[in-house]
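Peer 1: Each chain is listed here by its residues.
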Amino acid sequence: DGGITQSPKYLFRKEGQNVTLSCEQNLNHDAMYWYRQDPGQGLRLIYYSQIVNDFQKGDIAEGYSVSREKKESFPLTVTSAQKNPTAFYLCACSGSSYNEQFFGPGTRLTVL
Amino acid sequence: DQQVKQNSPSLSVQEGRISILNCDYTNSMFDYFLWYKKYPAEGPTFLISISSIKDKNEDGRFTVFLNKSAKHLSLHIVPSQPGDSAVYFCAASETGRRALTFGSGTRLQVQP
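Taken in sequence, the protein lines are chains V and S. To convert, count from 1 in the first sequence and add 309; that's my numbering. Letter 49 of the second sequence, counting from 1, is numbered 39 in my numbering, and no numbers are missing.
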């Protein structure tokens, strides 16, 4: 089945630790995205990548880093510099019809 | 500064009646608009979209209306069903920028 997966679904980390969230897709889509959702708010763009080895900052990139070494994978690292990392993180991808994005199931990160 | 606004955080309707969800935007460069549906702890799923060259797009029970002069769009669901209960996000994009800008969402509750 084609789709986009994120792991793990729930993640707990101690304050001051870096953590990497996984995102994998087998839809052969060029573009991939990371969003963050906080309670009562919409999705805010963290980073996006239009092709392999290329990525751009979104609206709230501070404290995050990404890599795009493979078309299928777009991991997000939440660093200790991110002041309020507890949130629901969503990964998405899009193909030629780039306006329509397909979302993964999300990872809920809780920093204790 | 929110470029896409959903001013109603929640809406409750009776089964079989019409649900109308509203969305306003401020960026005149937006030329494509989408609605996503989201259940708790899941990623959003694409529902329906509309290009700025149209003022209406219909797909089964779902119709999206676009009023460019008012910078306003709405999603109509007729007839509403209990399974439609979810959070609905309005999103917008502009040519040349692949990422979407999301509203804060409206929680729809359809009462049986």
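You may find that some hints are simply not true.
Which chain S residues face chain V? A few, computed with CB under 8 Å, are given here [said to hold, decoys possible]:
#1 F36
#2 L37
#3 G93
Heads up, simulated DSS-like pairs for lysine-lysine below, C-alpha to C-alpha not over 25 Å straight-line [unchecked claim]:
#4 S/K58 x V/K366
#5 V/K379 x V/K318
#6 V/K318 x S/K58
#7 S/K27 x S/K44
#8 S/K(-5) x S/K58
#9 V/K323 x V/K380
Hints are computed from structural coordinates only; laboratory data are not their basis. Keep in mind it's a predicted model, so treat the numbers as computed, not measured. Ideal Cβ placement from N, Cα and C applies to all residues, glycine included.
Peer 1: Now tell me if each hint is right for this structure.
Peer 2: Going down the list of hints, with the structure as the test:
1. F36: S/F36 check passes; min Cβ-Cβ to chain V is 5 Å, inside 8 Å.
2. L37: violated (10 Å)
3. G93: Check passed: Cβ of S/G93 comes within 5 Å of chain V, closer than 8 Å.
4. S/K58 x V/K366: violated (29 Å)
5. V/K379 x V/K318: This hinted pair holds, its Cα atoms lying about 22 Å apart.
6. V/K318 x S/K58: violated (39 Å)
7. S/K27 x S/K44: It holds: about 22 Å lies between the C-alpha atoms, which stays within 25 Å.
8. S/K(-5) x S/K58: Distance ~15 Å between S/K(-5) and S/K58 Cα, so the pair holds.
9. V/K323 x V/K380: Measuring from Cα to Cα gives roughly 31 Å; hence the hint is violated.
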